[in-house]
Amino acid sequence: MKNMLKRRNFIKLTVSASGALIAGVHLQSCMPKKPQAEVHQFSPLIKIDMDGWISLIAKNPEIGQGVKTALPMILAEELGANWNKVKVVQADYDTIYDEQWAGGSYAIILNWDLMRTAGAMVRQVFIEAASKKMNLPVEEFITKNSKVFHTKSDKTLPFEELIAEASQIPLPEEVEFKPTDSFEIVGKSIPQVDLDKLVSGGAEFAIDIKLPEMVYATVLKNPVFEGGVSSYDDEDARLVNGVIDIIELNNAAYGGRLLGPNSPNFVNGVAVIANSTWATFKAAKKLKVVWDNTASRRENTNEIFERFHAQLSNTSIERKDGDIAKAKRSAASSFEAVYEVPFLAHATMEPMNCTVDFRTDVCEVWAPTQNPEALQEGLIKLFGLQPEQIKIHLPRIGGAFGRRYYVDYAMDAAVLSKKTGKPVKLTWTREEDIRHDWYRPGSIQKISASLDKDGMVTGWQHILANASRKTSLGREGGPAGTEIDEYDFPAGFVPNLQLEYGHVLSDIPLGQWRAVASSANAFTVHCFLDELAFLNKTDPIDYFLKFLGPERMVPVVDDYEFDLKRLIHVVEKVRQNSNWDTPLPEGQGRGFAARKGAGSFIAEVVTVRTDENEKIKILRVDAVVDCGMVVNPSGAKAQVEGGILEGLCAALYGEITFKDGATEQSNFHDYKWMRMREAPEIHIEFIKNELPPRGLGEPPLPPAIPALANAIYVATGKRIRKLPIVQ
589 MKNMLKRRNF
599 IKLTVSASGA
609 LIAGVHLQSC
619 MPKKPQAEVH
629 QFSPLIKIDM
639 DGWISLIAKN
649 PEIGQGVKTA
659 LPMILAEELG
669 ANWNKVKVVQ
679 ADYDTIYDEQ
689 WAGGSYAIIL
699 NWDLMRTAGA
709 MVRQVFIEAA
719 SKKMNLPVEE
729 FITKNSKVFH
739 TKSDKTLPFE
749 ELIAEASQIP
759 LPEEVEFKPT
769 DSFEIVGKSI
779 PQVDLDKLVS
789 GGAEFAIDIK
799 LPEMVYATVL
809 KNPVFEGGVS
819 SYDDEDARLV
829 NGVIDIIELN
839 NAAYGGRLLG
849 PNSPNFVNGV
859 AVIANSTWAT
869 FKAAKKLKVV
879 WDNTASRREN
889 TNEIFERFHA
899 QLSNTSIERK
909 DGDIAKAKRS
919 AASSFEAVYE
929 VPFLAHATME
939 PMNCTVDFRT
949 DVCEVWAPTQ
959 NPEALQEGLI
969 KLFGLQPEQI
979 KIHLPRIGGA
989 FGRRYYVDYA
999 MDAAVLSKKT
1009 GKPVKLTWTR
1019 EEDIRHDWYR
1029 PGSIQKISAS
1039 LDKDGMVTGW
1049 QHILANASRK
1059 TSLGREGGPA
1069 GTEIDEYDFP
1079 AGFVPNLQLE
1089 YGHVLSDIPL
1099 GQWRAVASSA
1109 NAFTVHCFLD
1119 ELAFLNKTDP
1129 IDYFLKFLGP
1139 ERMVPVVDDY
1149 EFDLKRLIHV
1159 VEKVRQNSNW
1169 DTPLPEGQGR
1179 GFAARKGAGS
1189 FIAEVVTVRT
1199 DENEKIKILR
1209 VDAVVDCGMV
1219 VNPSGAKAQV
1229 EGGILEGLCA
1239 ALYGEITFKD
1249 GATEQSNFHD
1259 YKWMRMREAP
1269 EIHIEFIKNE
1279 LPPRGLGEPP
1289 LPPAIPALAN
1299 AIYVATGKRI
1309 RKLPIVQ
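For the sequence shown, the working numbering begins at 589 and goes up steadily by one.
Please keep in mind that the hints were generated in silico from the structure rather than gathered at the bench. It is possible that part of the hints are untrue.
[Claimed, not checked] Pairs of lysine-lysine, DSS-like flavour, derived with a Cα cap of 27 angstroms:
#1 LYS1225 x LYS1161
#2 LYS1203 x LYS1260
#3 LYS873 x LYS1006
#4 LYS798 x LYS675
#5 LYS1125 x LYS1310
#6 LYS876 x LYS1007
#7 LYS1010 x LYS969
#8 LYS675 x LYS776
[Said to hold, decoys possible] Label pairs and their computed distance ranges (CB to CB):
#9 GLU836 x GLU626: 49 to 57 angstroms
#10 ALA1267 x ASP1147: 36 to 44 angstroms
#11 GLY1305 x GLU1269: 51 to 59 angstroms
#12 ASP1147 x GLY789: 45 to 53 angstroms
#13 GLU836 x ASP1248: 21 to 29 angstroms
#14 GLU764 x LYS740: 12 to 20 angstroms
#15 PHE765 x LYS740: 17 to 25 angstroms
#16 PRO1138 x LYS740: 46 to 54 angstroms
#17 LEU786 x ALA1267: 40 to 48 angstroms
#18 ASN1201 x ILE684: 56 to 64 angstroms
#19 GLU1269 x GLU792: 27 to 35 angstroms
#20 PRO1143 x GLY848: 30 to 38 angstroms
We treat Cβ as the ideally placed atom computed from N, Cα and C, and that holds for glycine.
Generate the whole structure from the sequences, applying the supplied hints.
And the structure:
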């Protein structure tokens, strides 16, 4: 398979560093006075030293999704490296690395060809070096285990013996990819590269950063969105041992609420500077602040959802196929249901934090961010810096789920470092973290189906009303695109289909949350399909398969097609794996849902038990996943397990509510998550194929929610149309 260099990022990631020689040290033993090993940089992503150690650069933020291991695995595979002599190094933010962000399950999708190309280019120069040294044809060489092999004689040359020659050969503009059936690294379960440190507690997260002369900070923020500070009394706070200063933060002096589309600024409040994080937390509790909330709508949850309900009758049409009105008139029967989906917080285990050293000539940042480019842009806008004055390090991140795509917390730290003239480590309390999130939008959704005499759908109308994440973040375009759009399932599957959106203005800060709109809309769509199945006295999986129709490519929008064969395959497989057709004891039930997301196909069955008090116990989850080629099965399994568990947590307990414009929840006592004892057995199977790998961080989450709700119906006879389930 040939891959031509047609994109600027291929060029940047390869040719720009060709032949460069840098000095470095690898500590490979505890022996004293070991001489430094010369390191040759063949591309920004690949360095090889004279001892045969290969340093591979992990360019994307590691948020727990495993890209610090998976992307270097792809590099190593195409290079022909010995994984046991690979060192993975986390990159800082640099424009030389294209697509250097984390989100939307895109890391593998966007970097698959990029990593293969970078690895194959360096492989080629080593093969050419060996060819010249042995005076034999290039076509007779391959690389394996960090050696170049001559296939006809079994003669080998280690990479380190070819470095001098290889470093003088220009990287090719066209490369041949290895056949996938020869892969020795990709497709194998490989432990995360930081696993030993993670297990021992030695891994350094952003919250662990320490710098000379560093001070610590936290911010008590206005609990009401769009509010400010009227006045404050800091007398008692300044008496706390270790307090250095109290500083008011007003975003109006730094560009306002939004720094740009998708880039929120810090929330107004009062910051405490001290000699420890704990001193800042203690002092913040003693601040007496009078908040100015005259500009806020002072919204309440009940009022918000009343407006959502009212907006169902005032909508814009986002997609229209056929004639929904005619389908309703000619229907043998019809069915309608209304669903309510709550707002959700992220509640990452590592709360928002950032360390900034704002010096005269440079602003150096240690940021747990999914979006370093937005961080750089924010610093430029806030302080008028030039890009070369900003240095952004990307430590390992203790959870993100979309929250760390926004950099408001980093703006806090940057302002405080500039004001104090010292390095500042800012840490939010858990309470500030939950109360000042960018929440997953809540919504009211109404679905109506027109049915023929056999109970099959001839018309489908889906109306969603809520406050738009797009509007909240100042993005261009209409508000519907982030909530419901022309791609939404079952677009393409129903001859008469209408998707509508009702937009409600709100002050509530809204943003990405794992699987975003799909995390809400999958619940409504797949619960509705389950309701139709039982209405027609049909097995839910049978009904779903009949609804889909025969295996084919289903056109959805423009050239986007839905490969129905792959979806049907995972559905049939999960039916088998979950023993779907085997009866369960009384009080137990199975529920099903299947979905496509980020290019991957996933089907799930949840099995539950309820007792005489209708207390729910999730016994088991079966999942079958077709995500194309699986780069690292152990990491992929962890992603699926994590997505399923987060979906179940949200379905059972997740709800953010508002009173007088402020978030009511503050910590895990009132924003509950599943405990370990509640976690079910999870059985996962990956469909094996050699298709390009697709996204996996988000797709497992959405089906878990309707599958759980549908299982509860079987066990109890009660339909779940409002989340969370436990209220």
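Under the constraints set out in the numbered hints, which ones does this structure not fulfil? 11 and 17
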